[in-house]
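So the protein lines, in turn, are chains H and D. Residue numbers 1 to 335, in the working numbering, belong to the letters of the first sequence in order. Residue numbers 1 to 504, in the working numbering, belong to the letters of the second sequence in order.
Be careful, since some hints might not be right.
[Said to hold, decoys possible] No farther apart than 30 Å at their CA atoms in a straight line, the calculated lysine-lysine pairs in the DSSO-like style are these:
{"#": "1", "chain 1": "H", "residue 1": "Lys224", "chain 2": "H", "residue 2": "Lys198"}
{"#": "2", "chain 1": "H", "residue 1": "Lys13", "chain 2": "D", "residue 2": "Lys377"}
{"#": "3", "chain 1": "H", "residue 1": "Lys198", "chain 2": "D", "residue 2": "Lys374"}
The hints are simulated quantities; they were obtained by calculation from the structure and are not laboratory data.
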Amino acid sequence: MEEAAIRTVSIIKKMFVRLGILPFLLVIALVLFALMSDNFLTGRNLMNVLRQSVYLIMVSMGQMFALLTGGFDLSVGTTLAVSSVVGALAMVAAYAAMPDSIYLAMSLGILAGIGAGTLIGVANAVGVAFFNVSPFMMSLGMASVGFGIALYLTGGVPVYGMPVEFGNVFGFGSMLGIPVPIWVVAVIAALLAVFLYKTPYGMYFYAVGSNSKAAHLSGISVRKTLFLTYVLCASLAATTGMLLTARLDTGEANIGASMPLESIAACVIAGVSLRGGIGRLENVVLGGLFIALVQNGMNLARIESYLQTVVLGVLLILAVVADQARLRLVASEKD
Amino acid sequence: MTSGHLIASRALTRDFPGVRALDCVDFDLKRGEVHVLFGENGAGKSTLISVLSGAITPTSGEILMEGRTINPASVHEARQYGISAVFQEFSLIPELTVQENVFLGEEMRRGMFLDKAGMKQESGKLLEQLGFNLDPERRAETLTRAEQQMVEIAKAFRSQVSVLILDEPTASLTDHEIRQLFSLIGTLKKRGVGIIYITHRMAEIYEIGDRVTVLRDGRKIETMEVSKADDETLIRLMTGREVGAVFPDIDLPPPGEEILSLDRITARSGAISGVSMNLKKGEIVGLAGLAGSGKSAAMQAAFGLLPVSSGKVTLKGEDMTGRPPVEMIRRGMIYLPADRKNEGLMMRRSAGENMRLVSLARAPRQNGWFLNAKTEKQSVAALADKLKLSPNRPARAVDHFSGGNQQKVMLARSIAQEFDLIVLNDPTVGVDVGTRASIYRFIADLAMAGTGIIIISSDLLEIIHLSSRAYVFSRGRIRAEVSGKELNEETMLTCFFEDDRECA
Chain H
1 MEEAAIRTVS IIKKMFVRLG ILPFLLVIAL VLFALMSDNF LTGRNLMNVL RQSVYLIMVS
61 MGQMFALLTG GFDLSVGTTL AVSSVVGALA MVAAYAAMPD SIYLAMSLGI LAGIGAGTLI
121 GVANAVGVAF FNVSPFMMSL GMASVGFGIA LYLTGGVPVY GMPVEFGNVF GFGSMLGIPV
181 PIWVVAVIAA LLAVFLYKTP YGMYFYAVGS NSKAAHLSGI SVRKTLFLTY VLCASLAATT
241 GMLLTARLDT GEANIGASMP LESIAACVIA GVSLRGGIGR LENVVLGGLF IALVQNGMNL
301 ARIESYLQTV VLGVLLILAV VADQARLRLV ASEKD
Chain D
1 MTSGHLIASR ALTRDFPGVR ALDCVDFDLK RGEVHVLFGE NGAGKSTLIS VLSGAITPTS
61 GEILMEGRTI NPASVHEARQ YGISAVFQEF SLIPELTVQE NVFLGEEMRR GMFLDKAGMK
121 QESGKLLEQL GFNLDPERRA ETLTRAEQQM VEIAKAFRSQ VSVLILDEPT ASLTDHEIRQ
181 LFSLIGTLKK RGVGIIYITH RMAEIYEIGD RVTVLRDGRK IETMEVSKAD DETLIRLMTG
241 REVGAVFPDI DLPPPGEEIL SLDRITARSG AISGVSMNLK KGEIVGLAGL AGSGKSAAMQ
301 AAFGLLPVSS GKVTLKGEDM TGRPPVEMIR RGMIYLPADR KNEGLMMRRS AGENMRLVSL
361 ARAPRQNGWF LNAKTEKQSV AALADKLKLS PNRPARAVDH FSGGNQQKVM LARSIAQEFD
421 LIVLNDPTVG VDVGTRASIY RFIADLAMAG TGIIIISSDL LEIIHLSSRA YVFSRGRIRA
481 EVSGKELNEE TMLTCFFEDD RECA
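Bound-form chain D, shown alone (with noise of 0.2 Å):
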């Protein structure tokens, strides 16, 4: 059983207090092969990455490598097996320039010197052999989140690499630079490199998957060949339950009258030019197009934190041109951002405190002038039920939450009061498929309640299914936009390049 694979696990375990995060999981790579790990948040996928990379020892069980027992105490240590991880956070230094990075903590030496020369020559072979475009002198700083990514893929392979671990890299790339990933992936794969690759999309599993292991609880429930799996067997597997369609039937009522307007917006940094578009009462209108494309900008532009050079924001009939947040919310408009981390969370701050930021100055008060603590206690409970927060616990700091329930925090602000227009920008990035399933019920049931729903999105199949009319954005222009029968990947796909060809 053991014969051929590149690496394994057997009986592998670790715990964490109060919890055992990897349960005995025997695991193994083939050569050549990509063995995608399938498994809800907290499922214990990252655990065993970071277990195999050695970022973190096991309770017990050992690793294998061609038989041997290796069990890595360190990454640099996996590293020297030819074990690389390529996680979802990025360790990327924003000052340095891409070279720099690619060698960080390995730098090339002349003797007791930097050999700049050879570092920016083995970078820009290194580059151009993943086939990614990018200048080694770049700074990080200035690269776009796809970009960013090829630079760590681009240290993976500074070294020798057997396994190569992949953790979720679509998550922020475009459907362009996921076809360059895949590409890049068959090549490996030719070269007898075992991929393992974590991700919640499940049509990436059948595109490039060649094994899957499902996990659950920390226990591997199956492993399977990929051309004997199917989207219901996967999800039962992973949820140890039926469950329905991904995406929701939606019945909207009839368009109402116009919630938001933009007409010609140009951004002052050039970021979007001459966007028109409008949103209906009722409706949900999804942005597509590649990242950088203009479609998060024409949001930002609108909510007032793009500055505006030209162009005009109506909402519900007023001149809201410039207008800064704080008076957009008071007017009803509320935007949640795709970087949850960085621009949504108070990440050390509790669920609760979270979930009531937005809404706290409408907050009903004493005497005109104080809170309630109690009914404050009670509106957080009530939202943290209504989203199914899980644990249930909203004094928890949001920072121990997996993915899927940071976002079911930030969901909850667009609930916490009355909102006529909610913008979610890539609502589902790293969230798992049961949850995913209920923040899109989430979406569907506040727009036929009436609300305006503008959903952002780098992934097509959510603007297809939810969306009732969408924009394609091209270098900050819109190029298209399609309702109805219209609204297939196909038709899409064509408008998001930059070349003018005619589309829809």
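This is chain H alone, in the form it adopts within the complex (with noise of 0.2 Å):
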């Protein structure tokens, strides 16, 4: 009897060097909320979970690549508010123009969208690859700058009038079943991992994080991958701000502005190293889905909305503190 619960001690120890926290507390917010609501652990329910937090996890696998170089992106909610609010604009301005041709103007929209967004990224890439702004300052610096534009555009005023099928399709709809939005995040993590691990271009991220004199030395251009995570990174949020512009119907300014932390959240719940060079695209996932998985919990059990955040903070700063005692634990097996 003792001896099977050394045994599972040391399988639960191992598990946790390998795979790290996050594992354990999906398993732990799984029960949790399955006893605390009864309609939390029903398909439809986990289908809800999964399409909320599509966003998340977008924003979170651009903010990885940050992380991975070392860096980080504070800029990223902003970056989704001045996509959904240019896409928004542009949208309704070229949909006024031809009634006619739903399609054009909602192609047109959303590639202004992304564009506009994916331009935060470039200014921060400029910033951190070429003048050596910490990215820190240089993020923090543009999501001032995109805030305050996104205010501008709008004047604080929701955007309306773009075409109903643009909610239809990227908010509301599905595919064989499945929401759309979870399409689009599922075949944009592919082609990431793809990228990520299949191509030399991904060991690139890691070693300008891990040790960048290291790969500047072994020929990897450090400039052209920190401009690269900066673009990437935006653009992944500059998408998201799109899809969530369809769920919402209208162009906001003010939204996102949780996603700085709840993605840097979902990136370090997932493993991802703070110092640069380690974490998994797909633990971010689901990290991502962990976040969003708590959050519907929490609504289910009906934990009121401000204690929400606080749990969200303390789950973040526990998840660092495993993840250090993690790290010691590497340290004394040196294996």
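Using the hints, put the two chains back together into the complex; each one sits in its own frame.
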């Protein structure tokens, strides 16, 4: 009996060292919320969670690239806002100019939105890669710039008047019974996984974050890699912005304020190192899913929304503490 | 048996999960002696001094000081007994000045406030006493590695020291600075300080050691008088087997066409000026000189790491002046830096990933885009086998390998794809003798196969035994080019120093 207990503990320890804190948190959350609410463990609700998590997962995947290279992007929230506002404005204008070609207007709007958001990333990239501004300052500054632009363009008022089809397809549509946003994130995640693990360029992000001098000496262009990082991160946030716009049916300057914290939290909970060079995409997807799961569970359990932010902050810190403990275990096992 | 010892350990044992790093070690140090610890990387030397200096606690066994059991629980406590260690890893804060670093953690105070004037005076006195020519007001980040080493030693001396532990203190020092350190050690011995000295350089054992203890696999193999020791015995005790000469026989083909030439290269930073040198196919060329003499800067300029203000770099007949590393690598030149941890390796990534880093861009692809996980794994396994990585587990983080094996991982980069020219900067710093021999063999084989090799080294013996030709640097210029019979210690040393005496 005792032996079995010891063996279980050692298996759990091994799993913790290998996989990190996330699988444990997921199991705990599932059990806890299933006990607290009957509606939690239903197919419908879980699909709901998946759909709600799409936006955070997208942004977190971008954030992961920034963290891998040893930086981070605090402007993901305003990137979302800028793409939403610019995309909506462009779509409304295009729709008004040619009410007959709805899909052309939608495409133009989407392109404009993603393009505008990506420009924020280009600005970050230029600052970080070419002027050696710290990612913290650069993205913090751009967060302010972006938010200002989004407010200025809209006067703080939501943008209405997009074609209904936009919301119908990208917000509420589904294919083969699965909501369109989930398809979008699945395809993008698959592409990113191939890029990260199957091409040589994926390794470059890890190399730059692990030891940028070594990367430079090994013939890797640190500048190009950093540039790509922030552009990629912003374009993912911008795409998220358009998906959220479709869901809300309006262009809004105020969406995404919680994204910087939540996306970094999702990454850190998933074991991405804040010192750069360590982290895996599939875990980050799970990390985003976990946060959405907790939020959904807390809603069903009728936990007040103010308290929810407290829980989220505590979870984030807990994850970092657990990660430190894990690193010590890894070091002591030297394996 | 215990009489007369200053510090001693009895059956000292230390376990780490899965490994016994120190196994029942009896060790003793007398007053005024230099006791050398000798052994391969991972033999337990570092663990032993860590325990003695209170950095880690033993699993069992005891530490005695003049017959009394002390078992220090912390570095601080050990220091109060007069035990101070200078570890290989430096612990200086780059932003602080020399004097602030020296007194860090034990600041002098006047009432509630820092006694800056007092500390300045004290640190000045301390440095002078130790014979270090250092300005206490300089910031640590502006110091060379050798000067940082001096500050570390000064730190050890800010309180009364009776046992001084030095972990490979000469690894980053030039010959001149080593002289200085040795004369300091001599002074300390006369004062009755006992010194535990770790080194991989056998010549140093005979030069300053009184007794030597050989460790292997955490166990003490033997303690002997240095006067009775010789290379062969020590290596046999250390490795547990007979090892041939450390330096291999090298039989190079006649030099072929020119691979690299520098024509009056001057760096914008002024680190080198008017440096002209060349290397032909199948040559091993050594670059010698003091730290900061420009021997490393010359190669960094050639590799595109240092901006060049004038002159011309030619690689395989092509003008490559000022081209970035990525282009130099594409055209067949690779530079392996000396500082593995800061410039060379991704410490927290796997050994395999580190090996393949340089050659990923040229790795075979499927459909022109994708890496093949299987062939990648095979090529990593082949590299690990070829270099005898130990333990042979390339998926393990490089952080967890010994210094010698980390160096092997770096070397693997130079054969992960075909290069015409490999530049090695201090390839055997902190590497044990066994591994060192295999690294030399590796270099020799590459050269005999026709690869051009440039070795930058602070270890003169390395240059003398391996290279067919050498350049001696001093103050950013080439002072001499030596080959054949001139390639010896005396000739080269006279060129090291700054005066403009004729040399070579």
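Structure-based check of all given hints:
{"no.": "1", "hint": "H/Lys224 <-> H/Lys198", "in the structure": "holds, 19 Å"}
{"no.": "2", "hint": "H/Lys13 <-> D/Lys377", "in the structure": "holds, 28 Å"}
{"no.": "3", "hint": "H/Lys198 <-> D/Lys374", "in the structure": "holds, 11 Å"}
Violated hints: none; the structure is consistent with every hint.
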